[in-house]
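Enquirer: The chain contents come next:
Protein chains: 2
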Amino acid sequence: MKFCSNCGCTVSYRVPEGDNRERAICDSCNIVHYRNPLVVVGCVAEQDGKVLLCKRSIEPRYGYWTVPAGFMELGETVAGGAARETLEEALATVELGHLFAMVDVVHAGQVHLFYTGRLISDFGVGEETLESALFSEDEIPWDDIAFQSGKFALKKYFEDRGKNRGVHVHELRRSPS
Amino acid sequence: MKFCSNCGCTVSYRVPEGDNRERAICDSCNIVHYRNPLVVVGCVAEQDGKVLLCKRSIEPRYGYWTVPAGFMELGETVAGGAARETLEEALATVELGHLFAMVDVVHAGQVHLFYTGRLISDFGVGEETLESALFSEDEIPWDDIAFQSGKFALKKYFEDRGKNRGVHVHELRRSPS
Numbered sequence: 001m002k003f004c005s006n007c008g009c010t011v012s013y014r015v016p017e018g019d020n021r022e023r024a025i026c027d028s029c030n031i032v033h034y035r036n037p038l039v040v041v042g043c044v045a046e047q048d049g050k051v052l053l054c055k056r057s058i059e060p061r062y063g064y065w066t067v068p069a070g071f072m073e074l075g076e077t078v079a080g081g082a083a084r085e086t087l088e089e090a091l092a093t094v095e096l097g098h099l100f101a102m103v104d105v106v107h108a109g110q111v112h113l114f115y116t117g118r119l120i121s122d123f124g125v126g127e128e129t130l131e132s133a134l135f136s137e138d139e140i141p142w143d144d145i146a147f148q149s150g151k152f153a154l155k156k157y158f159e160d161r162g163k164n165r166g167v168h169v170h171e172l173r174r175s176p177s
Numbered sequence: 001m002k003f004c005s006n007c008g009c010t011v012s013y014r015v016p017e018g019d020n021r022e023r024a025i026c027d028s029c030n031i032v033h034y035r036n037p038l039v040v041v042g043c044v045a046e047q048d049g050k051v052l053l054c055k056r057s058i059e060p061r062y063g064y065w066t067v068p069a070g071f072m073e074l075g076e077t078v079a080g081g082a083a084r085e086t087l088e089e090a091l092a093t094v095e096l097g098h099l100f101a102m103v104d105v106v107h108a109g110q111v112h113l114f115y116t117g118r119l120i121s122d123f124g125v126g127e128e129t130l131e132s133a134l135f136s137e138d139e140i141p142w143d144d145i146a147f148q149s150g151k152f153a154l155k156k157y158f159e160d161r162g163k164n165r166g167v168h169v170h171e172l173r174r175s176p177s
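Protein sequence lines, in the order shown, are assigned to chains W and C. Going left to right, the first sequence walks through residues 1 to 177 as our numbering numbers them. Going left to right, the second sequence walks through residues 1 to 177 as our numbering numbers them.
These are calculated hints, taken from the structure and not from any lab test. Honestly, I wouldn't trust all of these hints.
Identical copies go unnamed one by one, so any copy, or any two together, can satisfy a pair.
Said to hold, decoys possible - 25 Å max Cα-Cα, derived SDA-like pairs, lysine to any residue:
| # | residue 1 | residue 2 |
| --- | --- | --- |
| 1 | Lys2 | Ser28 |
| 2 | Lys151 | His98 |
| 3 | Lys2 | Arg14 |
| 4 | Lys55 | Asp19 |
Required output: the full structure, derived from the provided sequences and hints.
Expert: Listed below in structure tokens is the structure:
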């Protein structure tokens with residue numbers, strides 16, 4: 001951030017009074033502009049013991065497989081976002097289960113939250129997807145999973161075997177999200 | 001947002017190509033500026049069956065009691081943020097337990113995440129706090145709890161009785177967060 005989104009003037013970086021972190025502060029209107037982590041929401045959707053993955057048609061990680069996931073939007077819940085991403089990326093409707101994985105992607109300033117889901121429709125190929133398919137645990141292309149957070153979620157999903165064992169937490173600090 | 005934070009020019013609101021939501025787009029450098037929900041992290045810290053609450057010295061909800069909580073910062077994990085907020089607001093060190101509550105505060109564009117914790121230090125009064133104290137379940141000032149998300153977390157905390165029963169999810173859409 002170089003300019004104030006409220007008035008268009010320049011910003012300077014300093015610690016506001018009563019704060020303990022450097023923020024962008026407008027040199028004219030004095031508004032403090034905060035930057036905070038973003039939420040990525042995803043869903044491991046199952047049908048007959050197999051889970052739904054999408055092969056990405058966009059960068060980053062073009063051609064790699066992913067659990068349907070993306071940035072949470074204003075106006076929706078975490079669960080709503082997970083269902084929306086599944087619909088957008090795999091044209092699939094899910095009945096959501098429970099929150100089962102949380103990955104802190106610290107270097108990217110992101111928190112990734114994953115729900116379990118039950119596939120209750122056909123599936124297809126959304127705009128950001130080359131191909132969608134169902135995989136049993138043995139069939140998962142582990143070396144071609146796009147993101148480490150998704151790989152963690154898939155591993156924990158199969159370990160849980162359908163039980164709600166609370167939220168599995170994982171932290172990523174350096175490698176690509 | 002009225003001005004581009006990258007170049008200071010005006011922005012217009014329209015749906016970018018390949019997107020399905022209106023975003024602020026710079027009229028000059030064409031950067032798309034996204035707005036997404038923020039994460040609030042909190043901790044219910046226990047000692048000898050009592051939980052730590054802080055009476056707020058700031059608005060909103062000045063004078064009301066709250067679970068230590070605040071906006072997650074870049075560079076930290078959800079758990080790290082929950083511990084930091086407890087340190088800042090109650091000058092208390094906690095050993096964190098598990099994630100046990102998630103509240104979608106949809107109207108505020110926030111996701112509130114709560115950890116259990118065990119108080120392993122004395123506590124005191126941070127800058128945003130008038131008074132800190134330990135409360136048993138019977139002593140909680142339920143009518144003077146600052147935020148509905150914190151009230152939900154406290155209720156579920158006592159219902160769980162120390163067990164990890166997964167994450168309790170709650171949705172708030174209209175009333176103040």
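Enquirer: Determine for every hint whether it applies to the structure shown.
Expert: Each hint, compared with the structure:
1. Lys2 - Ser28: both (13 Å within a copy, 15 Å between copies)
2. Lys151 - His98: The answer is both: 18 Å in one copy and 21 Å across copies each meet 25 Å.
3. Lys2 - Arg14: both (13 Å within a copy, 23 Å between copies)
4. Lys55 - Asp19: between (44 Å within a copy, 19 Å between copies)
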